[in-house]
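Student: For the sequence shown, the numbering used here assigns the number 1 to the initial residue and increments by one for each residue that follows.
Quick caveat, the hints were computed from the structure, so don't treat them as lab data. All residues carry an ideal CB built from backbone N, CA and C; glycine is no exception. Mixed in with the good hints, there may be bad ones.
Calculated cross-link-like contacts (lysine-lysine; reagent style BS3-like; alpha-carbon spacing at most 25 Å) [what the hints assert, rightly or not]: (1) Lys35 x Lys269; (2) Lys140 x Lys157; (3) Lys144 x Lys129; (4) Lys35 x Lys2; (5) Lys272 x Lys129; (6) Lys34 x Lys129; (7) Lys129 x Lys140.
Derived DEER-like restraints, expressed as beta-carbon distance ranges [unchecked claim]: (8) Asn40 x Arg300: 38 to 46 Å; (9) Arg446 x Arg399: 20 to 28 Å; (10) Asp343 x Asp25: 43 to 51 Å; (11) Arg399 x Gln304: 39 to 47 Å; (12) Met216 x Glu43: 34 to 42 Å; (13) Ser194 x Glu284: 36 to 44 Å.
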Amino acid sequence: MKVTVIGTGYVGLVSGACLAEMGNDVLCLDVDPKKIAILNGGEIPIHEPGLDQIVARNVAAGRLRFTTDTAWAVAHGTLQFIAVGTPPDEDGSADLQYVLAAARNIGRHMTDFKVVVDKSTVPVGTADKVRAAIDEELAKRDTKMRFAVVSNPEFLKEGAAVDDFMRPDRIIVGAEDEQAILLMRALYAPFQRSHDRLVVMDLRSAELTKYAANAMLATRISFMNELALLAERLGADIELVRQGIGSDPRIGFGFLYAGCGYGGSCFPKDVKALIRTAGEAGRELHVLSAVETANEGQKRVLVQKIVRRFGEDLAGRRFALWGLAFKPNTDDMREAPSRVLIDELMSRGATVCAYDPIAMPEARRALGSPPGLHFAEHAMDALVDADALVVVTEWKEFRSPDFDQIKAVLRQPVVFDGRNMYAPALPESAGIEYHAIGRLTVASTRSA
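Given only the sequences and the hints, what does the whole structure look like? Please build it.
Tutor: Encoded structure:
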């Protein structure tokens, strides 16, 4: 099938590459000539495990191409995937200017039947706006042409996006046009050979499904984070609580890990957008508003623990950070808890030396070079002359460290674990003062 993907960001590039991998003829369009030049030069502008091999393989096979030529892109694909960004406005609503600009370009250049697929995460009712934008452009051309609009939200986890696309647990298709539904079924048939995972529904239900899914996951995270803080007050261990409730099949274990808050490009933005959508519909989402408030507070829990240990004035103190990206297997720094932590520590006079196996180039771009912020080339290098180690991202290489070496290198043997990565007995047996979130530790017992 001939497919056009508009936007070569995270969703667009993964979608285009994976569709090409199944034999489709894919043309990716982007208005940014620098990004297209990078892709045509054989490089990948984002970090996603396995994506570079798939892109290279399909470019070499001629199934995947990149362009800035809008007219060519619209002419190419019967299926036109819109996968552009929807950044939050100041009021928290999703900014649809790029989605609607893509729709207008399709209306300006189309000469035959098109299926316009909203792949971007968009508010309920966006499909109607996309249809209106295309109709408006066709009217300017004084022509009538049949087209269909489909909602096909993505459910890709950063760091596992290729596998999520190639082996989906569900494929949501919001559509009313029968031909469009048949084309979507044909497109996704190779991805679901063992059993049918494609769920067809109306457009608005499909649009709401995406927001509802991310809101539910964010809710589980904030719920466990609040329980973790309560566990500290009550002298309970949140890890044991997690095992106890997760073993209930009605609950399950997914997204029940307490930590220093969620971040990234999806959960914060989508929670805000859904709250805004509900407000515009005259319905307040009390639970989701609390989820957002809890997460903002959770990003400051590590700072609060550090201040309780070292005092409010951190001048002359140096802290080592392990992890900058909002989660492992990505370089995404958007809404990352590390950003809040770094700002809070430096505002109190501390210096910070950070290490991340992937995200340091992106961190340098996002954070700049403020006085007092340094980057280490190796994990242990960050610990030199540091008063404490703070673990912020649960990268695999941090899972089994040499605690004896950590104690030897640190100025003071203190570790703050923002992801509860370690059984407390391990660092404590090495003589390390260990602070976690909601865990029973020697330090938490003393503070209680």
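Student: I want to verify a distance hint. Is the separation of the beta carbons of Asn40 and Arg300 within 38 to 46 Å?
Tutor: Given range 38 to 46 Å: holds, Cβ gap about 43 Å.
Student: Using the Cβ atoms, figure out if Met216 sits within 34 to 42 Å of Glu43.
Tutor: Since the Cβ atoms of Met216 and Glu43 sit about 36 Å apart, the hinted range of 34 to 42 Å holds.
Student: Given the hinted pair Lys144 and Lys129, is their alpha-carbon gap at most 25 Å?
Tutor: 18 Å, holds
Student: In this structure, is the beta-carbon distance linking Arg446 and Arg399 contained in 20 to 28 Å?
Tutor: 26 Å, holds
Student: In this structure, is the beta-carbon distance linking Ser194 and Glu284 contained in 36 to 44 Å?
Tutor: 42 Å, holds
Student: Compare the distance between the alpha carbons of Lys35 and Lys269 with 25 Å, and conclude whether the hinted pair is satisfied.
Tutor: Roughly 24 Å between the alpha carbons, so the hint for Lys35 and Lys269 holds.
Student: Is it true that the CA of Lys129 sits at most 25 Å from the CA of Lys140?
Tutor: 17 Å, holds
Student: Please work out if Lys272 and Lys129 have their alpha carbons no farther apart than 25 Å.
Tutor: 20 Å, holds
Student: Take the C-alpha atoms of Lys140 and Lys157, compute the straight-line distance between them, and say whether it is at most 25 Å.
Tutor: 40 Å, violated
Student: Lys34 and Lys129 were given as a pair; does the straight-line alpha-carbon distance stay at or below 25 Å?
Tutor: Given that 25 Å is the threshold and the Cα spacing comes to 30 Å, the pair is violated.
Student: Asp343 and Asp25, beta-carbon distance inside 43 to 51 Å?
Tutor: 47 Å, holds
Student: Is it true that the CA of Lys35 sits at most 25 Å from the CA of Lys2?
Tutor: 22 Å, holds
Checked against the numbered hints given earlier, the structure breaks hints 2, 6, 11 and satisfies all the rest.
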